[in-house]
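Going line by line, the protein sequences match chains X and D. Read in the working numbering, the first sequence has 75 at position 71, and its numbers run on one by one without any break. Read in the working numbering, the second sequence has 739 at position 349, and its numbers run on one by one without any break.
Calculated directly from the structure, the hints in this document are not laboratory data. We put the CB at the ideal spot given by N, CA and C, even for glycine. One or more hints might be untrue.
[To be verified] Beyond 10 Å from chain X on every Cβ pair, some chain D residues (computed): (1) 412; (2) 461; (3) 521; (4) 523; (5) 579; (6) 686; (7) 698; (8) 752; (9) 806.
[What the hints assert, rightly or not] Quick partial rundown of chain D residues pointing at chain X, CB under 7 Å, derived from the structure: (10) 585; (11) 805; (12) 807.
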Amino acid sequence: MTATSSTFSKTAKHCLLPLALCHIEAGFPSPADDHMESLLDLNEHVIKHPSATYFVRASGYSMTGAGIFNGDLMIVDRSLEPDHGKVVIAEVDGQLTVKRLSKLKDRFELHSENPNYPPIELQEGNEVVIWGVVTHVLHSLL
Amino acid sequence: MKIFALVDCNNFYASCERVFDPSLKKRPIVILSNNDGCIIARSNEAKALGIPMGAPFFQQKAIIKKHNVAVFSSNYQLYGDMSQRIMDTLRLHAPDMEVYSIDEAFLRLDPLQPRDLYEYCKTIRAKVLQWTGVPVSIGIGPTKVLAKVANHVAKKQTGVFDIRSQQAQDEILKVMDVDKIWGIARRWSERLNQMGINKASELRDASPTIIRKHLSVIGERILRELKGQSCIDLESIRPRKTIISSKSFGNLLTKKRPIEEALANYAVRACEKLREQNSRAQAVHVFIQTNGFRETDRQYNNGLTWTLTTPTSDTRLIIQAAKVCLSKIYKEGYRYKKVGIMLTDLIPTSLEQKQLFIDFNHHASDYLMNIMDKVNKDHGPDTLFLGTQGLTREWKMRCVLRSQRYTTQWGELLTVS
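Could you build the full structure based on these sequences and the hints that come with them?
What follows is the structure in structure tokens.
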């Protein structure tokens, strides 16, 4: 008899993976049962602020150096401060783009991570808003 | 003393659209009702163009084209999810909260005792904007009615307004028309105008006895709230005890068959929600409505509640009950606009009692429903559906101009290069 197996929670929203699996002989409780912990939830691991977190699809190749490839799923947290060096979704003149934020002494730059794409230097006239900070990338290997 | 804040999203639907398409920031936006019939929401720019609320879309086509106005069908999946995010963000800052509508919430701030209330509200406002991209306005007052008044002012000013001082109340109520007060409907404001009461301050200073005689105890309560005496508290947070699914049809329907199909589909949605919160329903309520705005049409509205012998979350059983209700209330010869289903007396699956004489195997039902939910979640809504939901769906809403459901559908996520 299997004490528990990997289960989908009833809402089917989260795939929960058990931390420990044990087989129980009838009549003999497993000593491991006392050490059973709660199930691991991948959402919990990658989403720290659920109401501020959005899934965004990457397109193109300008960020391959940062491990973001065409079609990858980015997890974006809007509640985080866009510090120097963070990969961000930025809004430049009404268009959204994913780039690495570089805070220099007197200005900001948005860098691509592919030598074929030049950095976007932000001028006085540019309207720039940081939309959110990319915290993780989900890249399928299939 | 109690302190209330009313948080109201600025042009909520238009703001949601702008979060995911910032190029819309400079364009006027209008949102259309179910079926793309009327304009139900406008950005400030669209308001400034003089496009009226509730106007039929086709009448505004010329001005929309001329000013390059962006037009959207209602995207309720997106607005609903963004609303949830906003409410969750607010709850972190003020746990005593009443969600008043999709884009408004009352907060009780007195239990928190922030050092500087005005600054605290500015922080809340900034947080919601950062986390969700939606701008909100916050009105602070000693009563809910006054907080609502303060919110009107906040919208026109810097986003936060505190009306707790007598001086602020005097200044604003003096110039505010009575029909702008929360809870004063048009019929009441007309009655008040006949009585010579035109401004909010005049209602505040009127005799409570006379107001009660004309506008019932509710009118008197509004008067007292304008005086700063809190009579209406936050509605206690109720756990979801009912689930409603209902929409207007694309076209008015007369025959029973397509109405039944639509009902079955709403029942499917309602049951999905029911299972999502791990509950079972003990009663099913069905209602139908004709279009009250078509004065030339004969009108008929009716509803019926059916009590289930065993609490259930099985779509098939609930559709069965819903169809029985519909057949009892449906009458020929009317042009119906809307059908809906409400699941009530919900109980958590963990609490249900074993019925002595009724043998109903929940396991088989739960197993089947689980599979349906999973398939439809993974492969898109209605991959697996019941025959009674119909194949043609002539009742379906028009929504050709809907934006992507950015936060609720894997296939429609925001794409960024």
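Here's how the hints hold up against the structure:
{"no.": "1", "hint": "412", "verdict": "5 Å, violated"}
{"no.": "2", "hint": "461", "verdict": "18 Å, holds"}
{"no.": "3", "hint": "521", "verdict": "4 Å, violated"}
{"no.": "4", "hint": "523", "verdict": "7 Å, violated"}
{"no.": "5", "hint": "579", "verdict": "38 Å, holds"}
{"no.": "6", "hint": "686", "verdict": "46 Å, holds"}
{"no.": "7", "hint": "698", "verdict": "20 Å, holds"}
{"no.": "8", "hint": "752", "verdict": "13 Å, holds"}
{"no.": "9", "hint": "806", "verdict": "5 Å, violated"}
{"no.": "10", "hint": "585", "verdict": "47 Å, violated"}
{"no.": "11", "hint": "805", "verdict": "4 Å, holds"}
{"no.": "12", "hint": "807", "verdict": "4 Å, holds"}
Hints 1, 3, 4, 9 and 10 from the list above are not met by this structure, while the remaining hints are.
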